[in-house]
Structures are given as structure tokens and as C-alpha cells.
Amino acid sequence: MNLEIILFILFSVIAAASAVIMITRANPIISALFLVLNFACLAGLYLLLNAQFIAVTQIIVYAGAIMVLFLFVIMLLRPEHDLTLQKKSKIKFMAAAAGIFVFAQLVYIIFFFSPNASQKTSVQSSINSGTIEQIGTAIFTKYVIPFEAAGYLLLAAAIGALVLAKKKFE
Amino acid sequence: MNIWEIIVITLIKILIVFTLLLLTVSYLVYFERKISAWAQNRIGPNRTGWKGALQPFADVGKLLLKEDIVPVNASKVVHTLAPVIALFVAFTTFAVIPIGPDIKLFGYNIQLVAADVNIGILYVLALTSLGVYAITFAGWSSGSKYSLLGGIRSSAQMISYEISMGFSVAGVLLLAGSLRPYDIVYSQSGWLWNAVIQPIGFITFFVSAFAETNRLPFDLPEAEPELVGGYHTEYSSMKFASFFLAEYANMIISGALIVTLYLGGWHFPWLESFGLAPWLVVAIQILTFIFKLAFILFFFMWVRWSIPRFRYDQLMNLGWKVMFPLSLLNLVWVAIVVMYIKP
Amino acid sequence: MENLKTLVDSLYLLKPEIAISCVLVLVIIMDLIMDKNKTFLPYVALTGFIITAFLVVEQYFFKTSITQNLQKLLVIDAVGAFFKLIVILASCLIVYFSLISKEVKEAFDRHGEYYALICGMVIGMFFMISSADLIMIYLSLELVSLSSYVLAGFTKNSLRNSEASLKYFVFGAMSSGIMLFGISIIFGLTGTTNLLAVKSVMAAGGNSLTFLFASILIFAGIGYKISAAPFHFWTPDVYEGAPITITAYLSIASKAAGFALLIRFITLGYVQQIDASGAWQLVAGSIDWKKFFTVISILTMTLGNFAALWQDNIKRMLAYSSIAHAGYLLLGVVVLTNQGLSAVILYFIVYAIMNLGAFLVVMLIANKIGSEEIDDYKGLGYATPFLGVCMAIFLISLTGLPPTAGFIGKLYLFTALIEAKMIPLAVIAIINSVVSLYYYIRVLKHMFLTRPQNEDLVINTSFAEYVIVLVLAVPVILFGIYFTPIVNLAKNSVALFLQ
Numbered sequence: 043m044n045l046e047i048i049l050f051i052l053f054s055v056i057a058a059a060s061a062v063i064m065i066t067r068a069n070p071i072i073s074a075l076f077l078v079l080n081f082a083c084l085a086g087l088y089l090l091l092n093a094q095f096i097a098v099t100q101i102i103v104y105a106g107a108i109m110v111l112f113l114f115v116i117m118l119l120r121p122e123h124d125l126t127l128q129k130k131s132k133i134k135f136m137a138a139a140a141g142i143f144v145f146a147q148l149v150y151i152i153f154f155f156s157p158n159a160s161q162k163t164s165v166q167s168s169i170n171s172g173t174i175e176q177i178g179t180a181i182f183t184k185y186v187i188p189f190e191a192a193g194y195l196l197l198a199a200a201i202g203a204l205v206l207a208k209k210k211f212e
Numbered sequence: 004m005n006i007w008e009i010i011v012i013t014l015i016k017i018l019i020v021f022t023l024l025l026l027t028v029s030y031l032v033y034f035e036r037k038i039s040a041w042a043q044n045r046i047g048p049n050r051t052g053w054k055g056a057l058q059p060f061a062d063v064g065k066l067l068l069k070e071d072i073v074p075v076n077a078s079k080v081v082h083t084l085a086p087v088i089a090l091f092v093a094f095t096t097f098a099v100i101p102i103g104p105d106i107k108l109f110g111y112n113i114q115l116v117a118a119d120v121n122i123g124i125l126y127v128l129a130l131t132s133l134g135v136y137a138i139t140f141a142g143w144s145s146g147s148k149y150s151l152l153g154g155i156r157s158s159a160q161m162i163s164y165e166i167s168m169g170f171s172v173a174g175v176l177l178l179a180g181s182l183r184p185y186d187i188v189y190s191q192s193g194w195l196w197n198a199v200i201q202p203i204g205f206i207t208f209f210v211s212a213f214a215e216t217n218r219l220p221f222d223l224p225e226a227e228p229e230l231v232g233g234y235h236t237e238y239s240s241m242k243f244a245s246f247f248l249a250e251y252a253n254m255i256i257s258g259a260l261i262v263t264l265y266l267g268g269w270h271f272p273w274l275e276s277f278g279l280a281p282w283l284v285v286a287i288q289i290l291t292f293i294f295k296l297a298f299i300l301f302f303f304m305w306v307r308w309s310i311p312r313f314r315y316d317q318l319m320n321l322g323w324k325v326m327f328p329l330s331l332l333n334l335v336w337v338a339i340v341v342m343y344i345k346p
Numbered sequence: 017m018e019n020l021k022t023l024v025d026s027l028y029l030l031k032p033e034i035a036i037s038c039v040l041v042l043v044i045i046m047d048l049i050m051d052k053n054k055t056f057l058p059y060v061a062l063t064g065f066i067i068t069a070f071l072v073v074e075q076y077f078f079k080t081s082i083t084q085n086l087q088k089l090l091v092i093d094a095v096g097a098f099f100k101l102i103v104i105l106a107s108c109l110i111v112y113f114s115l116i117s118k119e120v121k122e123a124f125d126r127h128g129e130y131y132a133l134i135c136g137m138v139i140g141m142f143f144m145i146s147s148a149d150l151i152m153i154y155l156s157l158e159l160v161s162l163s164s165y166v167l168a169g170f171t172k173n174s175l176r177n178s179e180a181s182l183k184y185f186v187f188g189a190m191s192s193g194i195m196l197f198g199i200s201i202i203f204g205l206t207g208t209t210n211l212l213a214v215k216s217v218m219a220a221g222g223n224s225l226t227f228l229f230a231s232i233l234i235f236a237g238i239g240y241k242i243s244a245a246p247f248h249f250w251t252p253d254v255y256e257g258a259p260i261t262i263t264a265y266l267s268i269a270s271k272a273a274g275f276a277l278l279i280r281f282i283t284l285g286y287v288q289q290i291d292a293s294g295a296w297q298l299v300a301g302s303i304d305w306k307k308f309f310t311v312i313s314i315l316t317m318t319l320g321n322f323a324a325l326w327q328d329n330i331k332r333m334l335a336y337s338s339i340a341h342a343g344y345l346l347l348g349v350v351v352l353t354n355q356g357l358s359a360v361i362l363y364f365i366v367y368a369i370m371n372l373g374a375f376l377v378v379m380l381i382a383n384k385i386g387s388e389e390i391d392d393y394k395g396l397g398y399a400t401p402f403l404g405v406c407m408a409i410f411l412i413s414l415t416g417l418p419p420t421a422g423f424i425g426k427l428y429l430f431t432a433l434i435e436a437k438m439i440p441l442a443v444i445a446i447i448n449s450v451v452s453l454y455y456y457i458r459v460l461k462h463m464f465l466t467r468p469q470n471e472d473l474v475i476n477t478s479f480a481e482y483v484i485v486l487v488l489a490v491p492v493i494l495f496g497i498y499f500t501p502i503v504n505l506a507k508n509s510v511a512l513f514l515q
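Protein chains in written order, with this note's numbering: chain A, 43 to 212; chain B, 4 to 346; chain C, 17 to 515.
To be clear, the hints were calculated from the coordinates, so they are not data collected in a lab.
Even for Gly, the Cβ is constructed at its ideal location relative to N, Cα and C.
Each hint should be verified, as a subset may be incorrect.
Some chain A residues flagged as far from chain B (calculated, every beta-carbon gap over 10 Å) [said to hold, decoys possible]: (1) Lys184; (2) Ala199; (3) Ala203.
List of simulated lysine to aspartate or glutamate pairs, EDC-like, C-alpha gap at most 20 Å [as the list claims (entries may be wrong)]: (4) C:Lys21 to A:Glu190; (5) A:Lys208 to C:Glu119; (6) C:Lys88 to A:Glu46; (7) C:Lys215 to C:Glu119; (8) B:Lys107 to B:Asp119; (9) A:Lys208 to C:Asp47.
Reference excerpt, derived from the structure (chain C facing chain A, CB under 10 Å, subset only) [said to hold, decoys possible]: (10) Glu129; (11) Phe170; (12) Val299; (13) Gly395; (14) Tyr398.
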């Protein structure tokens with residue numbers, strides 16, 4: 043076994059375990075904590091795939107920004123007393139069914155269909171395509187239209203957030 | 004070099020950096036007290052050892068022997084986890100900061116950095132953004148309103164200033180054309196440091212660094228008159244000391260980052276023209292780095308004892324309405340430099 | 017670098033999008049600079065929209081189809097230009113509506129944000145209409161959704177308004193999440209997000225079961241936008257709670273964009289070729305869209321029509337009626353032929369005019385009597401004969417009775433169905449139309465056959481209101497009698513499609 047496989051097993055086991063723990067905790071703060079751990083492990087997996095830039099972005103954007111805002115909301119709303127969702131076993135059952143269905147679907151795709159079997163890329167080219175230079179070039183040339191669209195999306199979101207934040211109720 | 008040699012060398016480097024960092028931190032506390040005494044016309048610690056030189060060790064001993072109190076309302080695991088995160092972030096960030104050029108030792112070519120990664124600066128930004136968790140969790144898990152307020156204030160502050168910090172760094176990256184700390188240092192050899200080329204970015208980064216480290220004048224998370232002790236009100240003993248350590252370690256890292264990004268790293272102007280022996284050049288360069296770092300650290304403390312604390316709304320206004328637009332302006336300026344002025 | 021150069025060379029294809037972006041930026045900057053006086057902002061937006069409309073008309077005559085130049089991300093063609101035209105004209109009218117709406121005028125001081133978000137929606141819808149890539153589809157859909165969530169909760173600071181916004185958001189987030197999951201599966205299967213490339217990978221022998229599953233997941237996102245049956249739950253609450261201008265806007269523009277996206281998605285991703293008779297041949301192994309849409313459209317129109325029977329709030333009733341109309345419009349897609357497509361286009365012209373008209377009258381009446389309950393409409397036909405008659409015209413047209421334009425629209429839809437030998441579906445649709453007669457006529461009954469509660473109530477109509485109502489009411493009658501121009505427009509739009 044080489045180092046890569048050991049690291050892969052390590053990261054993926056932690057990621058899977060933390061995901062399961064995240065959805066089973068009653069306390070939302072603990073859930074959020076494990077979600078952060080999950081994101082960190084995902085970043086590790088991205089690193090193993092030679093996608094360094096995406097790995098770091100994963101940490102900065104998801105763990106560093108989005109989850110902090112989540113924590114803010116959770117802490118200020120204090121929903122730990124509100125356990126109604128926990129008691130609804132019907133919802134739990136449906137969620138589990140949906141999860142299993144999706145999981146089966148993914149297993150089916152990966153093991154029986156092996157979509158990328160025909161696409162072999164060398165390690166070197168995958169390292170190159172993961173660098174920030176390559177990603178920057180792709181974003182600003184080939185994908186510049188989606189990039190601009192994403193810019194408008196964020197602008198609209200910012201304006202919308204301001205509108206909602208300024209709203210006062212009678 | 005095979006993989007095992009690399010691992011061993013890296014481990015040795017980590018050990019050295021870690022020890023140095025710990026020592027420096029404890030003496031920083033001593034210097035802080037001495038400088039505050041100087042600023043306020045007092046004497047400062049002078050009992051333990053020569054002029055109080057052993058004071059840091061006495062402090063550490065005291066903190067270790069104190070009782071570790073965990074409040075009843077606290078969430079125990081998270082309460083313990085918070086200082087660990089703080090220390091982890093503080094010490095791992097140093098891994099990518101180079102303190103000198105490559106040296107040759109025992110036939111090995113050794114870089115004076117623990118990890119030379121090509122996304123080094125992003126790594127630093129990622130870790131500092133994780134640092135928010137330490138404070139937020141500390142505030143929440145204590146189960147006390149003062150702690151919670153301190154924690155939330157601090158995260159809001161850090162998120163706000165992270166933006167202007169990121170944009171200031173973008174200016175540096177644009178000029179260097181790389182995210183590797185080495186390349187950034189090499190891009191400002193001679194006297195054309197980034198602080199000279201992009202003074203606005205330098206100032207915004209400097210101010211944001213103050214806010215990110217929660218130092219005065221931006222130490223609202225622990226503002227004593229309003230919040231008792233802020234997010235670490237409910238901490239005692241070694242856990243409290245961990246936050247303390249982390250704060251000073253963060254200061255060192257901010258200082259080292261400022262030196263690397265804006266003050267030319269280890270570069271000493273016109274050093275090559277003196278015609279010195281290679282080993283002497285390297286030694287001077289390392290000393291240059293340390294001197295620059297020391298000056299920045301002194302500046303941090305100087306500011307702390309000279310400038311009063313901001314009010315919270317002033318802090319937010321400064322962050323969003325002054326620093327953020329200024330850092331954008333700086334980015335535009337750097338883009339102009341890259342397009343039209345730089346050969 | 018070459019990529020960038022070809023892109024810059026083909027920027028002329030994106031003129032409308034660029035123009036509308038400039039309007040957005042202009043509105044924001046003017047809002048910022050002109051601190052106090054903001055009355056001219058709507059005129060800025062209106063002017064920008066009219067200029068954009070001209071650029072869209074220009075685009076209608078471009079002879080390009082799939083564009084290599086835009087990295088195969090966007091398709092610029094006549095069908096797309098037609099839908100863009102519907103969107104931009106509806107936007108112009110909505111800005112005009114906002115000018116005369118008391119609700120909008122009274123309740124907010126944030127004109128800048130309001131018009132900026134409308135511009136954002138228009139950009140999103142333009143991209144949605146022309147996108148040929150799953151990334152573009154998702155981004156544009158999300159742009160439209162985000163802007164409309166906020167607009168739905170914009171004017172009144174009441175709970176009902178906020179509830180509308182929140183419900184819209186929760187449903188929207190849910191369905192776009194489902195859609196994103198579908199997209200990720202397709203990307204995993206084919207290694208590309210481009211619809212044409214996806215089609216060719218799938219045609220070369222793909223995995224039909226997983227592909228089918230992913231296609232249905234993606235349809236969830238589109239179905240939410242056009243409020244098709246299992247994804248329609250948000251519609252009544254949002255239409256009722258949102259400011260009426262936005263309700264009208266959502267029911268026309270966002271639905272038009274949704275349909276354009278649906279047609280684009282099917283034709284680019286699943287249609288192998290169009291044969292001489294204009295029928296769309298699906299890729300082997302793809303999901304059987306014909307059966308799927310048949311079920312969806314029957315569900316949609318039946319649910320919409322029957323739920324509308326019990327509504328007492330006229331906005332809610334119109335919401336269900338718009339769900340039903342989505343069902344009718346789907347009939348044109350079901351047949352998967354060019355005839356069906358031209359019927360959809362024809363119906364959209366008609367639907368846009370009559371639905372906007374109905375909402376306009378409701379808004380004008382709400383301006384005066386401050387209510388949207390059908391019970392409060394008693395005797396209004398006597399208080400304001402002009403509005404009453406116009407309302408009658410719009411509602412009769414929505415039912416689909418001659419001599420209005422609604423009849424022509426339905427006629428062409430049903431003809432397309434019968435030509436494709438789907439008689440049972442046509443029968444179901446006709447039965448649905450008959451059901452819809454009941455709730456449309458109920459409003460008219462209240463207006464004309466009951467005595468007014470308040471005999472002194474007189475509703476005055478200003479000149480500006482007269483003009484705009486007539487602008488919408490006259491075409492409804494005119495196109496009902498002389499319909500050759502719109503039929504030709506629909507046929508011409510389709511003529512160049514995918515060849």
C-alpha cells in the first residue's frame with residue numbers, strides 16, 4: 043500500500059463517519075462542527091486528486107465562510123430547544139429511503155457503468171489542470187460567460203440580502 | 004533525496020520552528036509588559052531573574068498549576084476543543100512562511116521553510132479563516148452571555164476584515180504572478196518592495212492584520228468594560244493560556260506575513276554589491292528577516308499602548324466603508340502597474 | 017487566448033444581454049448618486065428595456081443557430097429571440113404597471129433595488145432562454161430565482177408578503193438542489209456539461225436508466241419555474257402574497273423563460289433530428305418524453321382548473337388559472353413537433369397579452385377599492401363599466417372562447433394535438449377548458465349580475481390607465497378576428513429552428 047491509498051482511506055473514512063454523525067446529532071452546533079470536519083476531509087480528498095486550488099477553496103469558502111454564518115444563525119436562534127423534527131419518524135423514514143435510493147443509484151453508476159473508464163488521463167496532466175493558472179485561464183476564456191452570469195447572481199443576491207435586511211415589520 | 008529523508012528533514016524543521024515560536028511567544032509577553040511599562044512610565048516586571056527575564060517561565064508555571072474550571076452550563080467537548088483549534092491554526096500557519104533563501108547543509112539543499120507549496124498564500128488565508136471557529140466555539144460553549152457576545156463580535160469582525168485582507172493580498176499576487184511565498188519574496192528583490200509599489204494595499208493589509216489578530220485598537224471581542232473578558236471569560240488555567248499563546252503566535256504570523264508580502268522578506272537592499280562570502284550573505288538575510296519581524300512586532304505593541312479602542316459600529320464602518328474600497332482601489336492600481344508600467 | 021478572441025469577435029451576438037447589464041449598472045449607480053429624487057428611475061429602466069427590445073428584434077433576424085463562437089454555451093436563434101421579446105415586452109409593461117400601482121408606490125422607498133432586481137431577472141431569463149450548457153442553465157435559473165424571491169417579498173412589510181417570499185425561497189432552493197443533483201449525475205455519466213456533447217455520448221450507447229433518472233431530476237428545476245403539476249405548490253401562495261406587478265411578471269416572463277428552457281433542453285439534449293414533416297426524433301435510449309409530458313400536462317391542467325373553482329381571492333384564482341395554462345402550453349411540447357412548437361409560441365403571444373391585461377385590471381381595481389376578494393367585486397361592472405368590459409374581454413379570452421385571441425391560441429394547440437393523433441389528450445384539454453369557464457364567468461357574474469353593495473362607488477380611470485388597458489384589450493379582440501400576422505410570426509420563428 044502506498045501513501046496515497048492510506049491517506050485516501052483515512053480521509054474517506056473520517057468524511058463518511060462525520061457525515062453520519064452530523065445528521066444524527068440532536069444539537070445543531072455539534073452537527074455543524076462535524077460538517078466542518080467533513081469539509082476538511084473533502085478538501086483532503088481533493089488534494090489527493092491533485093486539485094489543490096479546489097481543496098483550498100473548499101476550506102476558505104465552505105468551512106471558513108459559509109459554515110461560520112450557519113453557526114451564527116444557529117447560535118442566535120438557539121434552536122436546541124426545538125426538537126420537533128427529531129420526533130417525526132415518518133420524515134426520518136422518508137429521508138432514509140431517499141438517501142438509500144440515491145446511494146444505490148451512485149453505486150450503480152460507479153460500479154456497473156464506470157463512466158470514466160474510457161477517459162484515461164496521465165498524472166502529470168491532472169496535476170497541471172489542477173493548478174490555479176489552468177483554472178484561471180479556463181474561467182476567463184472558455185467559461186467567461188458563465189463566470190459573468192455567476193457575477194450577476196452574486197450581485198442579485200447581495201442586493202436581495204440588503205433589501206431583506208432593511209425590511210421592517212409593522 | 005528519497006521520501007524518508009524529506010520526511011525526516013521536514014520533521015526537524017517543524018520541530019525547530021515550533022520551539023522557536025513557543026519561546027518567542029513567551030518572551031513576547033514579557034516584552035509587551037516591558038513596553039507597556041515604558042509607555043506608561045512604569046518599571047514593569049523586574050523580580051524574577053535579571054530585570055525580570057525569567058518572568059515568562061514563572062507565568063507559565065503559574066498557569067499550569069491553576070485549577071481548570073469548566074462551567075456547569077458549558078458544552079464540555081467543545082469547550083476543550085476551542086483552545087486546541089486556536090493553537091492548531093496559530094502554529095500550522097507558519098509552515099509556509101520562508102525566513103531565508105536556500106542553504107546547503109551536510110550536502111543537502113535545504114529550504115528555510117517547512118512546506119514550500121505553490122498555493123502557500125491561499126493556505127494561509129484558509130487557515131486564518133478557520134481561526135474564527137476557535138473564538139466562536141469558545142464563546143458559544145462557555146454557556147455565558149458575555150462569552151457568546153464576544154465570540155459573535157469577533158467572528159463578525161474577522162469575516163469583515165478578511166475581505167479587505169484578501170483583496171490586499173490579491174494585489175501582491177497580481178504583481179508576483181504566483182501564490183508561492185518564495186516567488187513573492189523573489190519578486191521584490193532590491194528595494195522595490197511591495198510596500199513601496201502599493202502603499203495603499205500595505206496599509207489596508209496592516210490594519211486588517213490588527214483586526215484579524217484581535218489586537219487593540221480592534222480588541223472588541225475581549226473589551227473588558229463591556230464584556231468582562233469576552234470569549235475567554237469562562238476559561239482558566241492552561242486553556243486560557245492556550246488562547247493567550249495563540250494570540251501572540253497569530254501576531255508573529257501576521258508580522259511574518261507582512262514582512263513576506265510587503266517588506267521584501269529576507270531581502271536587504273544592495274546586499275549583493277558588498278561582495279560578501281555566501282554564508283555571510285545568507286546569515287545577514289536571515290537576520291534581516293528577523294529584524295523586520297521584530298520591528299513589526301514592536302509596532303503592534305506600540306499601537307496597543309497608544310491608541311484607544313474603537314466602538315463596534317466604528318469598527319464595522321472602517322472595515323466595510325474604508326478598508327474594503329481602499330483595497331479594491333489598490334487592486335486597480337496594481338493592475339495598471341502590471342499592464343502599463345512594469346516592463 | 018484564441019478562445020478569448022473568438023469570444024470577443026462574437027460579442028455582437030450578445031448585444032441584448034450587454035445592453036440590459038448596462039441598464040442594471042446604470043440603475044444601481046443612479047440610485048446611489050441621486051440621493052433624494054428617484055422618480056426618474058423607472059424611466060431609465062423603461063428606456064433601457066425598449067432599447068434592448070430593439071436589439072432583440074435585430075437578433076431575431078440573425079441566421080446563426082448553435083454557436084461555436086460562444087464556446088457552445090449559448091444558442092442564438094429565432095425561437096430564442098422570440099421568447100426574449102416576450103420577456104422584454106412584459107418587462108416594459110411591468111415597469112409601466114409599477115408606475116401606476118398604488119401598492120408599489122405607497123409601500124417602498126427603495127426604487128433602485130426594485131428595478132435593479134427586475135434587470136437581474138431579465139438577464140437571468142435571457143441566459144436561460146439561450147443556454148445550451150448545463151452550467152449556464154443552472155446559473156441562469158438561480159439568478160432568476162434569487163431575484164424573484166426578493167421581489168416577491170418586496171413592497172408590503174406585512175407577514176403575508178414575507179410568507180410568500182419565504183415559501184417561494186424554500187421551494188425554489190429545494191427544486192434547484194434536485195436539479196443540481198441531476199446535473200451532477202449527467203456530468204458523472206458523460207464527463208461534459210454541454211447538452212450536445214451529452215447527447216452524442218448518450219447516443220453512442222449510454223446508460224438509459226440512470227440517464228432517465230437524471231433527466232427527471234433536471235426537469236424538477238424547470239417544472240418549478242413553469243409551475244407544472246408536482247412542483248406547483250408555491251404558485252398560489254406566492255401569487256397571492258407578492259405585489260401584483262410581480263405576480264403578473266412571474267406569470268408571464270418567468271414562465272416564458274421556463275418554457276424556452278424546457279424546449280431548448282429537450283431539443284438540444286434529446287432530439288436526434290427533425291424529419292421533413294417537422295417531427296422530433298428522440299435519441300435512442302432517451303426517456304420517453306411524450307408519455308412523461310402527457311402525464312404531467314394532464315395533471316397540471318386538471319389540478320389548476322379544479323383548484324381554481326374554490327378560490328375567493330382573485331389573485332389566487334388567477335394563480336391556479338396560470339397553472340392550468342402551463343398545462344395547456346405543455347400540450348404543445350407533448351407532441352414533439354415543429355407544429356407543436358409554433359402552437360406554443362402562438363399561445364404565448366396570446367397568453368401574455370390576456371394574462372397581463374387581467375392582472376392590470378385587478379391591480380387598477382385594487383388601487384381603488386383596496387381589495388382582491390372576488391366578493392368585493394359585486395356590482396363593479398356598474399361602478400366602472402370600462403374596466404368591467406375589459407375584464408370581461410380578458411377573462412373570456414383566458415377561457416378560450418371566440419371571438420377572442422384565446423380561442424385562436426387554443427385552436428392551434430388542439431390542432432397540433434390532433435395532427436399528432438393524440439385525440440384523447442385533446443378531449444381532456446377541451447373538458448378542462450369547459451371547467452375553467454365556470455370560475456372565469458363567476459367573476460363576471462359578480463361584477464355585472466349583482467347589485468353593488470355601495471351604490472355611490474364610482475371608479476375614475478385616468479388617461480394613462482385608459483391607454484394601457486386599451487393597448488392590451490384591443491389586441492385580444494383584434495387577434496381573435498385577424499390572426500394571420502401572429503400565426504405567421506409563430507411559423508417563421510420555427511422555420512429556422514435546428515436546421
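Verification of the hints:
1. Consistency note on Lys184 of chain A: stated as away from chain B, and its beta-carbon is indeed over 10 Å from all of that chain's, at 21 Å minimum.
2. Separation of Ala199 of chain A from chain B is adequate, the least Cβ-Cβ distance of about 15 Å exceeding the 10 Å criterion.
3. Residue-level check passed: Ala203 of chain A sits 14 Å from the nearest beta carbon of chain B, beyond 10 Å.
4. Straight-line distance between C-alpha atoms of Lys21 of chain C and Glu190 of chain A comes to about 17 Å, which keeps the hinted pair within the 20 Å bound.
5. Distance hint between Lys208 of chain A and Glu119 of chain C is fulfilled; the C-alpha atoms sit about 19 Å from each other, no more than 20 Å.
6. A distance of roughly 37 Å separates the Cα atoms of Lys88 of chain C and Glu46 of chain A; the hinted pair therefore is violated under the 20 Å criterion.
7. Between the alpha carbons of Lys215 of chain C and Glu119 of chain C the distance comes to roughly 48 Å, so the proposed pair goes past 20 Å and is violated.
8. Straight-line distance between C-alpha atoms of Lys107 of chain B and Asp119 of chain B comes to about 16 Å, which keeps the hinted pair within the 20 Å bound.
9. Our distance criterion of 20 Å between C-alpha atoms is met by Lys208 of chain A and Asp47 of chain C, whose separation comes to about 16 Å.
10. At about 5 Å, the closest approach between the beta carbon of Glu129 of chain C and any beta carbon in chain A falls short of 10 Å, and the interface hint on this residue holds.
11. A distance limit of 10 Å between C-beta atoms decides the matter here; for Phe170 of chain C the minimum to chain A is near 7 Å, and the interface restraint holds.
12. At its closest, the beta carbon of Val299 of chain C sits 17 Å from a beta carbon of chain A; the interface hint therefore is violated under the 10 Å criterion.
13. Evaluation of the Gly395 of chain C hint against chain A yields a violated restraint, the C-beta minimum of about 31 Å exceeding 10 Å.
14. The beta carbon of Tyr398 of chain C is not positioned within 10 Å of any beta carbon in chain A (closest approach about 35 Å), and the interface hint is therefore violated.
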